[in-house]
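Please model the entire structure based on the sequences and the hints provided.
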Amino acid sequence: MGHLSYEESIKKVYRGLILLAGVTLVEVFLSLLGKGYVIPGAEEYKVLIYIVGLGLIGLSLYKAYFIIYEFMHMRYEMKGLAMTVLLPTLLLIWAIIAFFQEGDSWKGRREQIKEKNEIKEGTQQGFQLRQDDFEIRNLG
Amino acid sequence: MATTDTVIEHEIQEEQDLWSGGKQPFKASYGKLMMWYFLLSDAFTFAGFLIAYGALRFSSPTWPVPDFVFSTAPFGIHHAPLIFVTIMSFLLIVSSVTMVRAVQEGHRENKNGVVFWMLLTVLGGAGFLMCQAWEWTNLIGTEHMTVTTNPFGTHTEDGVYLNADGSESDETFKAGESYLLHKAAGGGHGEGHDEGPHYETEVGDYAGYAVNEKGFVLRKFKVTEGEDQGIVKAEALGPAAFGALFFFITGFHGFHVFSGVMFLLIILINAASGLYVKRKNGYEMVEKIGLYWHFVDLVWVFVFLVFYLL
Numbered sequence: 001m002g003h004l005s006y007e008e009s010i011k012k013v014y015r016g017l018i019l020l021a022g023v024t025l026v027e028v029f030l031s032l033l034g035k036g037y038v039i040p041g042a043e044e045y046k047v048l049i050y051i052v053g054l055g056l057i058g059l060s061l062y063k064a065y066f067i068i069y070e071f072m073h074m075r076y077e078m079k080g081l082a083m084t085v086l087l088p089t090l091l092l093i094w095a096i097i098a099f100f101q102e103g104d105s106w107k108g109r110r111e112q113i114k115e116k117n118e119i120k121e122g123t124q125q126g127f128q129l130r131q132d133d134f135e136i137r138n139l140g
Numbered sequence: 001m002a003t004t005d006t007v008i009e010h011e012i013q014e015e016q017d018l019w020s021g022g023k024q025p026f027k028a029s030y031g032k033l034m035m036w037y038f039l040l041s042d043a044f045t046f047a048g049f050l051i052a053y054g055a056l057r058f059s060s061p062t063w064p065v066p067d068f069v070f071s072t073a074p075f076g077i078h079h080a081p082l083i084f085v086t087i088m089s090f091l092l093i094v095s096s097v098t099m100v101r102a103v104q105e106g107h108r109e110n111k112n113g114v115v116f117w118m119l120l121t122v123l124g125g126a127g128f129l130m131c132q133a134w135e136w137t138n139l140i141g142t143e144h145m146t147v148t149t150n151p152f153g154t155h156t157e158d159g160v161y162l163n164a165d166g167s168e169s170d171e172t173f174k175a176g177e178s179y180l181l182h183k184a185a186g187g188g189h190g191e192g193h194d195e196g197p198h199y200e201t202e203v204g205d206y207a208g209y210a211v212n213e214k215g216f217v218l219r220k221f222k223v224t225e226g227e228d229q230g231i232v233k234a235e236a237l238g239p240a241a242f243g244a245l246f247f248f249i250t251g252f253h254g255f256h257v258f259s260g261v262m263f264l265l266i267i268l269i270n271a272a273s274g275l276y277v278k279r280k281n282g283y284e285m286v287e288k289i290g291l292y293w294h295f296v297d298l299v300w301v302f303v304f305l306v307f308y309l310l
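Each protein sequence line maps, in turn, to chains A and B. Everything in the first sequence is counted per our numbering, starting at 1 for the first residue and increasing by one. Everything in the second sequence is counted per our numbering, starting at 1 for the first residue and increasing by one.
These are computed hints drawn from the structure, not numbers from a lab. Computed from a predicted model, the values in this text were never measured in an experiment. Backbone N, C-alpha and C fix where the C-beta goes; we use that ideal spot for every residue, glycine too. Certain hints may be false.
Said to hold, decoys possible - Per the computed footprint, the stretches of chain B lying under chain A, defined by three or more beta-carbons under 8 Å from a beta-carbon of chain A, are:
hint, stretch
1, 37-46
2, 52-64
3, 83-93
4, 97-104
5, 116-123
What the hints assert, rightly or not - If the Cβ cut is set under 8 Å, some of the chain B residues that face chain A in the computed set are:
hint, residue
6, K23
7, K27
8, D67
9, I269
10, L305
11, F307
12, L309
13, L310
And the structure:
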């Protein structure tokens, strides 16, 4: 604000509306493309799904940037203010890497536990059979 | 209005002292700066929730596909993936834009403009809340999703369904396809079960299906591919974390929208009563609640991304 005239700043707001609505529509289109709604069978291609995913994340980050810098006027605040608010969010990058890695590891553990449980069930059955043998021999 | 006058006098005095240090930090008022820091801390709360969602989603072998889960809209619309939630997003974006307009009119000290655009913002927020109420009602009431139960499952193998009597049907499916479990009693999920098969309501194992303790019908199917080929299996509930994460995260966001609407209403009434005219600071309260309102829109960008798009 400030350096723009009233009419100019109003125009800028409505351009922002069209931009955000347009980006949202593109996002929905991309998402449906990745799920195989636009072109049947497209969801079979792993590469496409990755590209769509990255595109969606990129567009969402762009929307976030636009909302913060234009609608919330961060562009017109002092640099120090912007940095004290924006820099701490960089900590989240590590949180995302660490926790997603952790989640992936849980998946591996779950499969391991499932396998172990199956083996345990097997040995318990075996054990019971042996006990039966033992009892029968004793009775005999 | 003696008290209001003294408050205003006090505030003007404080602005002159520039936070009493003689120099205003970051050339911003105390309230505005603290609103930014509140929003930063709130962003970390939301980030915590969303990262937990990501970690749990990564840890599950399957996850409900959003375009299957969110494909219903009011007035009996089915198989319309993501349409309703796109409308909800538009409502928030539009209300964000009207908020910017209210702040602009405030800078011009135009009282009627501020009141008009804030009123539109409140309507947008209330519309969003109504949409969310419908979405939750549909998920809980007709689709039987709760915090602990998630009826949206995913097939991990190709197969063919069995009929209720145990014979093979002609309904085939592929690995990765989603299904919604129905309750044995009390009808399906609103799609009008036209002469569908009759399921027993008692818990038990039947020829072509099983009914679990929660009353869900788990249809049986024969695997047609892979190492388990020919084995008959039954559908299972989807990952339970999905329901809890969905209701807690969208609920927490909805609570922000709700409190935002309440604060907007309070400041709307204050503005209409002429309170901010006397402060002569370009309707700074409107600017501050505007920051909060844009933040709610900002969070929705990411909730929309992880729950509905990816």
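(request) Against the earlier hints, flag every one the structure doesn't satisfy and list their numbers going up. (result) 5, 6, 9 and 11
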